[in-house]
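K.L.:
Here is what each chain is made of, one letter per residue.
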Amino acid sequence: MKTYYDPEDLKKFGKIGEFQKSMADKFFAYYGEVFKEGALTAREKSLIALAVAHAIQCPYCIDAYTVDSMEKGCDEEQMMEAVHVAAAIRGGASLVHSTQMMNKVKEISI
Amino acid sequence: MKSLKAQNHPLSDTQYELQLLESQETGIPFSEKLAESGLYPLVPTQIEILQINLGKMCNQVCKHCHVDAGPDRKEIMNQETMMECLEVISKHDIGTIDLTGGAPEMNPHFRWFVEEIRRIKPDAKIIVRCNLTIILANPKFHDLPEFFKNHQIEVVSSLPYFTAIKTDSQRGEGVFEKSIKALQMLNAAGYGQENSGLMLNLVYNPAGAFLPGSQEGLEAEFKRRLGSQYSISFNSLFTITNLPISRFLEYLLRSGNYQSYMEKLIEAYNPIAAANVMCRNTISVGWDGYLYDCDFNQMLELRVSCTTSQHIKDWSLESLNNREIVINQHCYGCTAGAGSSCGGATA
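First to last, the protein sequences are chains Y and S. Residue 1 is where the first sequence starts when you use full-length UniProt numbering, and the numbers rise one by one after that. Residue 1 is where the second sequence starts when you use full-length UniProt numbering, and the numbers rise one by one after that.
Because the hints were derived from the structure by calculation, they are not lab data. One or more hints might be untrue.
[As the list claims (entries may be wrong)] Residues on chain S that point at chain Y, a partial pick, calculated with CB under 7 Å:
| # | residue |
| --- | --- |
| 1 | D123 |
| 2 | T163 |
| 3 | A164 |
| 4 | F210 |
| 5 | L211 |
| 6 | G217 |
| 7 | L218 |
[Said to hold, decoys possible] Derived lysine-lysine pairs resembling DSS-like cross-links, with alpha carbons at most 27 Å apart:
| # | chain 1 | residue 1 | chain 2 | residue 2 |
| --- | --- | --- | --- | --- |
| 8 | S | K140 | Y | K45 |
| 9 | S | K264 | Y | K15 |
| 10 | Y | K11 | S | K223 |
| 11 | Y | K36 | S | K63 |
| 12 | Y | K12 | S | K33 |
| 13 | S | K223 | Y | K45 |
| 14 | S | K125 | S | K140 |
| 15 | S | K63 | S | K181 |
| 16 | Y | K26 | S | K223 |
| 17 | S | K181 | S | K2 |
| 18 | S | K264 | Y | K2 |
| 19 | S | K264 | Y | K11 |
| 20 | S | K264 | Y | K12 |
| 21 | S | K63 | S | K5 |
Ideal Cβ placement from N, Cα and C applies to all residues, glycine included.
Please model the complete structure; the sequences and the hints are all you need to start from.
P.N.:
Pasting the structure below:
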């Protein structure tokens with residue numbers, strides 16, 4: 001069955017330089033730098049990545065950072081809380097726009 | 001849960017296991033990878049560690065156990081073989097004696113054996129791989145922390161996670177609670193306490209088909225969680241990769257993860273870890289006295305290659321130092337990522 005998303009394609013991510021090498025090299029160097037231990041631990045960064053993966057609904061990223069979070073010692077409860085953070089921000093982003101709707105309602109109402 | 005052997009499971013046949021590993025579809029032979037790193041044939045550096053398996057009997061039946069240990073396993077080392085081990089220990093400059101099982105403490109000659117090793121080698125590092133719950137399994141084991149302390153034993157214990165749900169899913173119902181109590185008893189005896197000189201190290205291995213993360217990062221997290229929630233302290237955390245043999249192999253096959261796990265191990269091959277594999281400085285002794293390059297080869301019944309020194313009673317340091325280490329596809333488990341050994345990461 002043909003689908004737009006194939007889990008096998010995740011393994012090919014490192015090969016995107018085939019069509020444009022210099023930009024890919026710069027991207028992967030940057031990517032590696034971002035996920036190193038820093039002011040945030042690699043574990044904390046993995047949980048952020050997992051939450052963002054859900055916010056942008058990237059199936060490759062969800063697979064990759066579920067495994068990465070588990071490898072870094074996160075448990076299911078922590079991972080689900082990270083997803084709820086993403087959901088809260090996404091939901092909040094919609095809801096906070098309701099102030100614009102409320103403003104408009106008030107503007108045009110007697 | 002019964003052992004694979006008690007179930008008459010096909011994977012309790014080591015020939016079947018080896019055929020399966022060798023027939024793996026995407027399996028680049030481990031020897032080829034070693035050759036690329038200039039390490040083939042793999043040879044020993046110097047024998048520094050004698051790891052002795054006192055038997056397959058255990059009070060636990062862990063889902064990932066590469067020994068296929070459990071209460072239904074009756075193979076344990078007898079006193080005659082222990083005496084042959086003592087003979088080797090007394091004659092050679094082997095600095096570390098690493099006692100494992102099953103639960104080594106269940107061997108009725110365990111305490112005698114430890115006392116004899118300490119008497120013969122007062123300065124040797126003696127490690128006991130204690131599963132923790134054995135300390136609480138029977139009143140006769142309650143004084144183990146004091147026994148370990150009196151003989152200056154280094155205790156190495158598995159604790160796959162700092163929560164009950166993940167620990168119990170791998171090691172059995174109620175194991176986490178008992179492990180915490182046992183760790184508190186070891187701490188009370190001075191183990192893992194600063195400046196006590198009594199070493200308590202924990203072993204983390206993933207509860208599933210994924211690799212262990214950074215040993216340093218996991219150690220910090222374990223120390224934070226065990227310290228704040230249970231007032232437990234320990235010295236170091238060793239991360240160990242699950243090798244695709246025995247019960248873990250059974251899990252991989254049953255769950256459909258075998259192919260992807262092997263691909264992951266091969267993809268994560270690290271030449272630095274390969275240069276530091278434990279089989280280069282260790283000899284593993286089986287419960288029946290036969291010699292192996294490592295504990296995993298022991299469980300696959302792959303004896304050391306030097307035919308003149310295959311049993312502890314025929315120990316020849318020269319032959320063993322000049323042997324070629326026996327390898328197979330499961331060896332990828334020790335060379336993936338940061339590497340894996342009985343002492344944790346190697347790269």
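K.L.:
Please go over all the hints and tell whether each is borne out by the structure.
P.N.:
For each hint, the structure was consulted:
1. D123: Given a least distance of 36 Å, the restraint on D123(S) is violated.
2. T163: This hint holds: T163(S) lies near chain Y, its Cβ roughly 6 Å from the closest one there, short of 7 Å.
3. A164: For A164(S), the interface hint is violated, since the closest Cβ of chain Y sits about 11 Å away, which is over 7 Å.
4. F210: Given a least distance of 5 Å, the restraint on F210(S) holds.
5. L211: With Cβ-Cβ at 6 Å, under 7 Å, it holds.
6. G217: 6 Å, holds
7. L218: It holds, given that the least Cβ distance between L218(S) and chain Y is near 5 Å, below 7 Å.
8. K140(S) x K45(Y): Distance of about 47 Å is beyond 27 Å: violated.
9. K264(S) x K15(Y): Holds, because 17 Å separates the two Cα atoms, which is no more than 27 Å.
10. K11(Y) x K223(S): Measuring from Cα to Cα gives roughly 34 Å; hence the hint is violated.
11. K36(Y) x K63(S): Not OK: K36(Y) and K63(S) at ~33 Å, beyond 27 Å, violated.
12. K12(Y) x K33(S): 22 Å, holds
13. K223(S) x K45(Y): 20 Å, holds
14. K125(S) x K140(S): Holds: K125(S) and K140(S) sit about 25 Å apart, inside 27 Å.
15. K63(S) x K181(S): 22 Å, holds
16. K26(Y) x K223(S): Between K26(Y) and K223(S) the Cα gap is close to 37 Å, so the pair fails against 27 Å, i.e. violated.
17. K181(S) x K2(S): 26 Å, holds
18. K264(S) x K2(Y): 25 Å, holds
19. K264(S) x K11(Y): 10 Å, holds
20. K264(S) x K12(Y): Answer holds: K264(S) to K12(Y) is near 14 Å, not above 27 Å.
21. K63(S) x K5(S): Holds: K63(S) and K5(S) sit about 14 Å apart, inside 27 Å.
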